[in-house]
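Student: Whole structure, please, built from the sequences with the hints as guidance.
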Amino acid sequence: MEKQIKVNAIKNGTVIDHIAAGKALRVIDILNLKGNSSVMIGMNLHSNKIGKKDIIKIENRELSANEVNSISLIAPESKLIIIKNFKVISKSKLQIPDKLDHLIVCPNPNCITNLEKVKTKFKVVKKSPIVVRCLYCEKKYAADDVKVHI
Amino acid sequence: MENLISMRDLSKEETLDILKNAENIEKGRSLPNLQGKLAALLFFEPSTRTQFSFDTAMKRMNGNTIIMSGSKHTSQQKGETFADTLKTIAQYSDIIIIRSPIEGSARFAAEVVDIPVVNAGDGSNQHPTQALLDLYSIKKTQGTLENLKIGLAGDLRFGRTVHSLAQALSNFNVEFEFISPSFLQMPKNIKEDLLDKNISFEESTEIEGNINDLDILYVTRIQKERFADPEDFEKVKNSYVLKKNMLDDVKNNFRIMHPLPRVNEIDTEVDNTKYAYYFTQAKNGVFTRQSIISMLLGEV
Ligand SMILES: [Zn+2]
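Protein chains in written order, with the numbering used here: chain W, 78 to 227; chain F, 114 to 413.
Simulated from the structure, these hints should not be mistaken for laboratory data.
There's no promise every hint is true.
[Said to hold, decoys possible] Subject to a maximum C-alpha distance of 20 Å in a straight line, what follows is the list of computed EDC-like cross-link-like pairs (lysine to aspartate or glutamate):
1. W/Lys217 / F/Asp306
2. F/Lys357 / F/Asp326
3. W/Lys203 / F/Asp309
4. W/Lys203 / F/Glu305
5. W/Lys216 / F/Asp309
[Stated by the list, open to error] Derived list of chain F stretches under chain W, where covered just means 3 residues or more per stretch with a C-beta under 8 Å from a C-beta of chain W:
6. 193-199
7. 212-226
8. 237-245
Ideal Cβ positions, reconstructed from N, Cα and C, are used throughout, including at glycine.
Tutor: Okay, here's the thing in structure tokens:
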């Protein structure tokens, strides 16, 4: 039954699978889901690979590069699956980019990006667990401690 | 090198080039001529010494300065953006030297204008010309930056100067002794960066007895305001005051540095010993800044 829901629920769209259990809502937060797409969220599902997982399915929607980067930051273990006409077109592990531009809100209130009209630029300085550094104020943050622009 | 924003941007070779050029200037082997060149000194927070040092550096090379000072990025109040202020000033001048309480200001300035920008301090972040003049002073007194043991004493938690210096020295083979009250220790992320570069350090809580194997002791001030309970400050303050009688067994090449201004963390009796180096260190700041400005303007 579970299998049927997973595979058949979407005709065209995007599935974000293998999200670490509990992180689905954070992922939903950063996706721009206004509009016509229907969205299904599964939480704490059984997974052979990682024990428990979350899953998100979005109908009739492909993700922007920015959205994919955001997901790679907060749920780097997840997989992106593109579905067309009920078929899996592509299945990919997320790649954490070396740079994240215009994506993260710098948590430092005294950073110029929070005080002037300056778009943020971050460098990924460690990949597991992810640590990023602001190019402007040069402070380092764990991925779990930063917010992304929606 | 197009700008000097952060020690993080400088390779070891670039760092040594700046120091070499400073040495050439000090010894009169190089006489950069900046006649007709104008530096804009934008000081959005007061720092008389740093401003004087840059002003002197320009004028020693026949250059000139215009100075804008104020407590904020002032023109914003008239509705002009910081970016527009910078672009306008870049029309008048050949190089911008900027000091601001806002972290990242200098990096942003360098992106906005097409003339060289020097960071003269951005909040708690970077002060690369201070770090370079400190390196120059260490090299001048020790003849090298390799295989030295360097003590940093005082407020190591909030002190930008000691953070930049530790970072700058981590490109060389050095050992550190961190001397501070336990709650003003060197921050974890800086210690991690040092360990990543295989730099070793020890930590101790008083100056006395911990300086005899050092080549350099860098003293900084501990501010009373950092202590929640003034009594705690009273308890520890004497452990971080350097006195003449503590110098009986130090190495012959030992030197004491301090970014200045000093309050009472180095007893004035120490000034007359051969170990005191802090006033010469300030003078070295002018040579180092001359070196940086002349390199950025292509007038070496
Ligand atoms: Zn920042």
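Student: Against each hint, give a clear statement of whether it holds in the structure.
Tutor: Evaluation of the provided hints:
For a cut-off of 20 Å, the pair hint linking lysine 217 of chain W to aspartate 306 of chain F stands: about 11 Å separates their Cα positions. Of the pairs offered as hints, the one joining lysine 357 of chain F and aspartate 326 of chain F holds, with about 16 Å between alpha carbons and a cut-off of 20 Å not exceeded. Proximity of lysine 203 of chain W to aspartate 309 of chain F is assessed by CA-CA distance (about 12 Å); at most 20 Å being required, the pair is judged to hold. Proposed proximity of lysine 203 of chain W and glutamate 305 of chain F is supported: the alpha carbons are some 13 Å apart, at most 20 Å.
Between lysine 216 of chain W and aspartate 309 of chain F the alpha-carbon distance is near 17 Å, which keeps this suggested pair within the 20 Å criterion. For the stretch 193-199 of chain F, the proposed coverage by chain W is satisfied: 3 residues have a C-beta within less than 8 Å of a C-beta in that chain, meeting the threshold of three. Counting residues of the stretch 212-226 of chain F whose beta-carbon sits less than 8 Å from any beta-carbon of chain W gives 7, enough to reach three: the coverage restraint holds. Only residues whose beta carbon comes within less than 8 Å of a beta carbon in chain W count, and the stretch 237-245 of chain F has 3; three or more means the coverage holds.
In summary, the structure agrees with every hint in the numbered list given earlier.
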